[in-house]
Structures are given as structure tokens and as C-alpha cells.
Amino acid sequence: MYSTSQRISGVFGLFTTVVFALCAIIAATSWLFTGEAITEVSIRNVNVVKGRTAYQRSDKSQEYALLKFDLDYDLTSLFHWNTKQLFVYLVASYDTPQTTNEVVVWDRIIQHKTQAKRRVRGEKNKYNFNDINGSFKDVNATYSLHWNVMPHVGLLEWASGAPSGVIEFPVAKQR
Amino acid sequence: MESIVNTVVQGSIDFHGQRLADTLTQAILIISALVGFIVGFALQDIRYTVFSTLVGVGIAVLIVVPPWPFYTAHPVKFQASQKKAAALTVEEKKEERKGAKIVYKS
Chain W
1 MYSTSQRISG VFGLFTTVVF ALCAIIAATS WLFTGEAITE VSIRNVNVVK GRTAYQRSDK
61 SQEYALLKFD LDYDLTSLFH WNTKQLFVYL VASYDTPQTT NEVVVWDRII QHKTQAKRRV
121 RGEKNKYNFN DINGSFKDVN ATYSLHWNVM PHVGLLEWAS GAPSGVIEFP VAKQR
Chain H
1 MESIVNTVVQ GSIDFHGQRL ADTLTQAILI ISALVGFIVG FALQDIRYTV FSTLVGVGIA
61 VLIVVPPWPF YTAHPVKFQA SQKKAAALTV EEKKEERKGA KIVYKS
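As you go down the protein sequences, you meet chains W and H in turn. With this note's numbering applied, the first sequence has no gaps in its numbers, which climb one by one up to 175 at the end. With this note's numbering applied, the second sequence has no gaps in its numbers, which climb one by one up to 106 at the end.
Just so you know, the hints here were simulated from the structure itself, not pulled from any lab data. All figures in this text were calculated on a predicted structure; none of them were measured in a lab. For each residue, glycine too, the CB sits at the ideal point set by N, CA and C. Treat the hints with care, as some may be off.
[Claimed, not checked] Selected chain W positions facing chain H (in silico; Cβ < 10 Å):
1) Y2
2) T4
3) Q6
4) F12
5) F15
6) K84
7) H152
8) L155
9) L156
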């Protein structure tokens, strides 16, 4: 502390330590605030159409699922002082002979408590929904809403709500 | 003008001042972080915490970094030069130990 530069260095060093300790305490106490989230998924309609892939080296015939769904969610209890934003996404989960598949078909970012209670009606899937086998024959899926709480400081929290019932894929229609 | 720039850039302060500066940085930074945490926790808004901590750093820099006069209020009292002490006779040294003041001839 004997010179100006020493004092600048000392103040800055203590500042970084204090900020680090503050972030650690905030992160450690965040779990006190999280509450129950309520979600409901209902699929209105599933259409399966035949198309062709637009990959660089392949234009094989492929079945695409087109969804229409409603969502009811109330995620306001997940917003506390350490919540930066919520990442909410709809996952279609189905089994094929090879493996269990989970596909994200729709997502949304929620940045404020006022945006966290919504009734979504007649939404379509944002992303292509297709299976590597090329077909949804003899497959049925359940749909559930997942969310990821992104804090300002601390660990990410991943959770999901109740799944919808099992919904079959109809036979593919030619476009 | 040059001596003012020199004083500020060098920023030498005495030992009492250094201890004071150290104590002040700790007090200001920790209290501003604590107050920010409590207010943010109570109002559930992290912006208060961030703002309070940053204001605390600003205040700490303003109070501690420049060499204010109250940091140089206890300058170190140095002894007289050794050359002059060597020139004293034995009697004069005895008298000085008793507490009499001796006028030094340079």
C-alpha cells in the first residue's frame, strides 16, 4: 500500500475476491427459491408426409412428421433473482428397434416472469421431425415439455413436465 | 505542478496511512457487497447487488488510491544523521542521553 500502483493492485485484488465469494454465495442459496412448475402438452394433430432429404450427398426418400399442438405452461415459480432466462423445449420421445429417440421439435426462450405463463395454441413444430430409418412405420411417441433454468451464477438446472399420452404416427401420405 | 503530478503518481504514504488504506479497502468492499446481497436477496433482483458492488469499488478507488493528506499525517521520525553524531564528544553524548538538546554544527 506504499504507492499508488500498489493500492490500485490491492483494491482490484480484493474486488475480484469479493465478487467471487458473492457469486458463490448467490449460487449456493439459489435452491431456496425454486418452486413447482406446471406444464401440459396436448397434441392436436400429427401428419406424416413423404419427401426427399436435402442433404449434400443424398436425396433419399424420407418421411417427415408435421405436428400441431397446444401447450399450457406456468413457469413463473422458477423465476428468482438468480434466474437469467428459461429455455423451454418440446421433446418427442419414441422407440425404434435400434434405440430410444428424443427429438426437440419446438423451443422458446423466456426472459422474464411475465412471459412465463402462457397458453400456446395451434403451434407447429419448428424443426424437421424425421427418423434416420426413413419412416415412422409402427412407431408412436410421447411428447413432454422440458425446461432449462439458466442462472446468472451457478449450475444449470434441467427438468421436465408431465408427458402427453402415447400418440401414434399415421401412415404416410404422398405430398 | 510537477511536484503535484509526482506526488500523485508516486503516492507514497506513511505506515499509519498504509494500515488505514488497507482497512478502508476491506471495509468498503465487503460492506458494499454485503449490503448489495441483502438488498438483492430481499427484493429478488440481482441488479441491486451488481450496482452496490460496483459503487463500492468506485468509492474504494476514490478514497484509497490517491495519496490524500490524511494518509501522510504520521510521517516517520528519522534520527539525526550519523556523521553529526560521530562528531559529538563523549560528554555531549552522555548529556544527550539525559535528554538535553545539543545544537549540531554542520
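Hint by hint, here is what the structure shows:
no., hint, result
1, Y2, "holds, 6 Å"
2, T4, "holds, 3 Å"
3, Q6, "holds, 8 Å"
4, F12, "holds, 8 Å"
5, F15, "holds, 5 Å"
6, K84, "holds, 9 Å"
7, H152, "holds, 6 Å"
8, L155, "violated, 16 Å"
9, L156, "violated, 17 Å"
Checked against the numbered hints above, the structure violates hints 8 and 9; every other hint is satisfied.
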